[in-house]
Amino acid sequence: MTEAVLYDAAGPRGRRRILIGSVAGLLLLAVVIGAAVARLAANGGLEAELWRVLTRGDVQRLLARALVATLRAAVVAMVLSMAVGAVLAVGRLSRRRWLARPVGAWVELFRGLPLLLLIFFLFLALPTVGVTISTFWTLVAGLTLYNSAVIGEIFRAGILSLPKGQTEAAYAIGLRRGQALRMILLPQAVRLMLPALVSQAVTLLKDTSLGFVIGYSELLRNGRTAVEFLGGKYSIPIYTAIAVVYIAVNASLSFTARWLDRRTRRQLGRTVQPSVADEAA
Amino acid sequence: MDAILDNLDAYRQGFVTTLALTVVSTVLALAIGTLLAAMRVSPVPILRAAGATYVEVVRNTPLTVVFFFAVFVLPQLDIRLPFFQFAVIAVTVYHAAFFCEAVRSGVNSVGVGQAEAARSIGLTFTQSLRLVVLPQAFRTVIPPLINVVIALTKNTSIAAAFGVVELTAVGIRLANANGDAVIAILVGIALCYLALTLPSGWLAGQVERRVAIAR
Numbered sequence: 001m002t003e004a005v006l007y008d009a010a011g012p013r014g015r016r017r018i019l020i021g022s023v024a025g026l027l028l029l030a031v032v033i034g035a036a037v038a039r040l041a042a043n044g045g046l047e048a049e050l051w052r053v054l055t056r057g058d059v060q061r062l063l064a065r066a067l068v069a070t071l072r073a074a075v076v077a078m079v080l081s082m083a084v085g086a087v088l089a090v091g092r093l094s095r096r097r098w099l100a101r102p103v104g105a106w107v108e109l110f111r112g113l114p115l116l117l118l119i120f121f122l123f124l125a126l127p128t129v130g131v132t133i134s135t136f137w138t139l140v141a142g143l144t145l146y147n148s149a150v151i152g153e154i155f156r157a158g159i160l161s162l163p164k165g166q167t168e169a170a171y172a173i174g175l176r177r178g179q180a181l182r183m184i185l186l187p188q189a190v191r192l193m194l195p196a197l198v199s200q201a202v203t204l205l206k207d208t209s210l211g212f213v214i215g216y217s218e219l220l221r222n223g224r225t226a227v228e229f230l231g232g233k234y235s236i237p238i239y240t241a242i243a244v245v246y247i248a249v250n251a252s253l254s255f256t257a258r259w260l261d262r263r264t265r266r267q268l269g270r271t272v273q274p275s276v277a278d279e280a281a
Numbered sequence: 001m002d003a004i005l006d007n008l009d010a011y012r013q014g015f016v017t018t019l020a021l022t023v024v025s026t027v028l029a030l031a032i033g034t035l036l037a038a039m040r041v042s043p044v045p046i047l048r049a050a051g052a053t054y055v056e057v058v059r060n061t062p063l064t065v066v067f068f069f070a071v072f073v074l075p076q077l078d079i080r081l082p083f084f085q086f087a088v089i090a091v092t093v094y095h096a097a098f099f100c101e102a103v104r105s106g107v108n109s110v111g112v113g114q115a116e117a118a119r120s121i122g123l124t125f126t127q128s129l130r131l132v133v134l135p136q137a138f139r140t141v142i143p144p145l146i147n148v149v150i151a152l153t154k155n156t157s158i159a160a161a162f163g164v165v166e167l168t169a170v171g172i173r174l175a176n177a178n179g180d181a182v183i184a185i186l187v188g189i190a191l192c193y194l195a196l197t198l199p200s201g202w203l204a205g206q207v208e209r210r211v212a213i214a215r
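Taken in sequence, the protein lines are chains A and B.
Residue 15 in my numbering is what sits at position 15 of the first sequence, and the numbering runs on without skipping anything.
Residue 63 in my numbering is what sits at position 63 of the second sequence, and the numbering runs on without skipping anything.
By construction, these hints were calculated from the structure, which means they are not laboratory data.
A couple of the hints might just be wrong.
What the hints assert, rightly or not - Taking beta-carbon pairs under 7 Å as the criterion, some of the chain A residues facing chain B (in silico):
#	residue
1	G21
2	S22
3	Y239
4	A281
Stated by the list, open to error - Pulled from the structure, derived: some chain B residues nowhere near chain A, Cβ distances all over 12 Å:
#	residue
5	D9
6	V24
7	L28
8	A31
9	F83
10	F84
11	P135
12	Q206
Unchecked claim - Covered by chain B, per the in silico footprint, the following chain A stretches (three or more residues, Cβ under 8 Å):
#	stretch
13	116-128
14	209-215
The structure presented is a predicted model; accordingly, all values stated were derived computationally and were not measured.
Quick reminder that beta carbons are idealized off the backbone N, C-alpha and C, glycines included.
The task is simple: from the sequences and hints, build the whole structure.
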């Protein structure tokens, strides 16, 4: 439904009311922003000296290194999650119950747990059984455990959304189930779920920020280090810069996801929709 | 096993804190999210733009960064609150955007004919939204809303890194204190979370099925 159905094209009185609404809204917005800015200024948050810290070479290098570390963890975890997710999806779709049931339970289990708990579990429990891995691999393993379960469900939704005739046709020409999945179903499903996969990549990228709690030098950890070194009042410029970096990277990914979604929907008439809840977690 | 039984009290406290954080933040975020959704479908351009900007900014920011702003930046502005309230602010600000998107997709799922019919019998924008579209939208959005609440429940764990002693923080403390029972302790914490998330997920599935038949 397009929202425009909810109201008519405004006449002169309606236009006046919309104008009044706009002005009132604008005023309200101005008051809120003004109050925030006044508060910021009263506490010295707007002084040029404070913001000039972002032009310092060492701060820039620290944050640039951190961005690379963030992206590296995200890319490795995304690739692994897609590989494991594909295996989980095929396992859960299997007609062998002894395989489908446990895989289903595995997926529900890891989707139902907080990612931070998974990361802490790996971080604290692995050393007690004599396995030591770097913070990078701890973070990547945690991200993969969680996201492979989510991506597995996206794959499964993609395969299930294909018309039944595709599977039947594959069987009719003598393909086995595995072959049908690999050669007929997956290639078509990938197109349908590409937008959902890209928006899951946004979630995964956001979640790499949890690396900060186990001391992996990603954006937040290095930002915190910088603030601890420079002093608390620099938290305003440094964290704002970090937020801007995250928003810039993620917004361009989100934009790509929406563009892909529109294009695929134009060509195929449908896509696998990412769930709002998966984007939140 | 003994490590869990000896610390049942800590578990209970953590569970209650997680539950309190979840309930308070859900109520606030749902209210703000519904308001944002109404702004995003309203005829006033400035409200639409403000709502869209909020959602676009927040959903591309990690919750951890929102926590950083609440816990480290607000005190710089002389806003000092207990950690629990900072956590409520961060969780609310973040999830309001997702509640908004869930409600909005619900509004969009109501057939065009419904809104057209409401308009053609002379209902105004507010009336058609309140009497016709929203009552139907709320039914379809209940499953996605429950799923956002589940995500919120899991996300409250991030408060552990910012001084709130909820389930995850209890787990970390106990694990550090009982080096010989780390796995048992953390499995216990995981079970507490599953006790919250799995029934909700089951409920969402049931509601989804009921609504699907009704349509």
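Hints versus structure:
| no. | hint | verdict |
| --- | --- | --- |
| 1 | G21 | holds, 4 Å |
| 2 | S22 | holds, 5 Å |
| 3 | Y239 | holds, 5 Å |
| 4 | A281 | holds, 4 Å |
| 5 | D9 | holds, 20 Å |
| 6 | V24 | holds, 17 Å |
| 7 | L28 | holds, 15 Å |
| 8 | A31 | holds, 17 Å |
| 9 | F83 | holds, 15 Å |
| 10 | F84 | holds, 17 Å |
| 11 | P135 | holds, 14 Å |
| 12 | Q206 | holds, 15 Å |
| 13 | 116-128 | holds (count 7) |
| 14 | 209-215 | holds (count 4) |
When the structure is compared with the earlier hints, no violation turns up for any of them.
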